[in-house]
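Enquirer: This is what each chain is made of:
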Amino acid sequence: MHALAAPFATAQTVPASTGVGLRPVHYRQILQERPRVGWFEVHSENYFGAGGQPLHYLESIRDAYPLSLHGVGLSLGSAGPLDEDHLCRLGDLISRIQPGLVSEHLSWGRVGPRHLNDLLPLPYTEEALGVVCDHIDEVQERLRRQILVENISSYIQFRQSTIPEGEFIARVAQRTGCGILLDVNNLYVNEANNGIDPVAYLDALPVSSIREIHLAGHDRAGTLLIDTHGTRVAAPVWELYAQALDRCGPVATLIEWDTDIPPLEVLLDEARHAATVMRSRHAFTT
Amino acid sequence: MHSLRELQAAFACAILEQDPSTIDGSVCGGNGRERLSVYAGNVYHNLREALRAVYPVVGKLVGERFFDFAANRYIHDHPSQSGDIQRFGYTFPTFLEHFPPAASLAYLRDTATLEWLVHEVFHAADHAPFPLSLLSSLASAGCATLRLRLHPACRLFESAFPVLKIWEVNQSDAMSSEVVNLDAGGDMLLVRRVGFAVDIQPLPAAEFAMLQALQEGQSGEEAYDRALRCDPAFALGEFIECRILDSTIVGFDL
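Protein chains in written order, with the working numbering: chain A, 1 to 286; chain B, 1001 to 1254.
No lab work stands behind these hints, which were simulated from the structure alone.
It is possible that part of the hints are untrue.
[What the hints assert, rightly or not] If the Cβ cut is set under 7 Å, some of the chain A residues that face chain B in the computed set are:
1) 52
2) 81
3) 83
4) 115
5) 157
6) 158
These numbers were taken from a predicted model, which means no experiment stands behind them.
Ideal Cβ placement from N, Cα and C applies to all residues, glycine included.
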């Protein structure tokens, strides 16, 4: 039997400050040095194993810092039922870790039993809206908690789409009560690749639903920007971040770095820069 | 193309077959094919890298280009069945066994199986050591009904090839450039976690038979019988003491 009824008693709230992605190469350094950083985030699936080193370090670091679980495999946007096994394993991990936040992506990656293990874009239609909302309702009911849903980077747009993405994610949040994880780098990448208007996008979002922001680096490949998470945050993304903060106020902000992982100091340096931006914008709004 | 289900099936097909023609009518813009190819590239890349992470020795044995070639075929023919990419590749050893271009490497399947077991053991459940307070009740227990329980991060593997040597000399930090004699005989191995690291231990036939029987849930008596058939001098007491101390045996049922 899987314990899906996660109590919140010991969950440490993720603060409205800056955090960094937790990578195995940094486990020991973090536990030895206890760096000043608000919180850590991990990909949920990397801790779906039953035991051993990954869970040991995750639990140790979770005892010292607030933690967020960020899923890449639940496939909220796939037509058909959710993957029951995946949802159970996520529930088990939540019970064990008691994270402050749990998030997933506004995407799909599965057709029936076949997984593509990627974050694929949805057509923004009334049908897709219904599928995503039903799945989020089911997940939040099963996990007995709110989840956040993140906007993805995209290299294509579907002709079938009838709803602007910003409006789509706003309606998802309104209908299900889920929070929004706003990935500012993805917004910038989508502006460059698909010509979406980031200001109109931000204007469409219900600011009170934005509970977390992601910042990351991207790379250029030919005519496209690719969301590689392997470099520092680009200057125009910092500008867009400031604009987002002007709307939603101070909010938990994560530096993501998934490829060519640099020394921990580089991640902490990016997080400090984000904190500086957050303080400066907050000073203007209060 | 109307429903979400149809669109997703066509998109998945375009990626896996690397043929955007099934979907490009649904994609906006002039360079839709270039853009779709980013997804096909990402999906194959991510799954290949997941295989490479689990099967580094196979990668070293066959070389990077051959590994990519085999991995691409495997990804296409045996789609991932889980949103947890760490589960991908369970059947790669049997795929390699039946992959004609690799037919000359008879030991490849067993080498790959050993790597998968190492991966499984790394992520397997934790378990407390055998409770010392129970040692006296173990000593007085009847061997006929006693069932010794093994640690969950424990696997047994038998191969007709010297796979441990193959595995050792192909580790990234291996010092030797020793040539493995494939006729050196097979291996009976215990793969288990020591601390957080995975350890592979070659076993004598009797001990392997004993542990295998215990893992199957056989009684202590049946397991001991099997060990004696391999080695009439098999020392049961010494075996139990040693395997309790190294946490291979973690409990028992009466």
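Enquirer: Hint validation: residue 157(A) versus chain B, beta carbon distance must be below 7 Å. Holds or violated?
Expert: With Cβ-Cβ at 4 Å, under 7 Å, it holds.
Enquirer: Please check whether residue 83(A) passes as an interface residue: C-beta within 7 Å of a C-beta belonging to chain B.
Expert: The hint holds - residue 83(A) has a Cβ within 7 Å of chain B, the shortest such distance being about 6 Å.
Enquirer: Against chain B, with CB atoms and a cut of 7 Å, does the hint on residue 52(A) hold up?
Expert: holds (5 Å)
Enquirer: Quick check on the hint: residue 81(A) CB to chain B CB, less than 7 Å?
Expert: violated (12 Å)
Enquirer: With a cut-off of 7 Å on the beta carbons, see whether residue 158(A) makes it to chain B.
Expert: holds (5 Å)
Enquirer: With chain B as the partner, please determine if residue 115(A) meets the hint condition of a C-beta pair closer than 7 Å.
Expert: Check passed: Cβ of residue 115(A) comes within 4 Å of chain B, closer than 7 Å.
Consistency note: the structure conflicts with earlier hint 2 alone.
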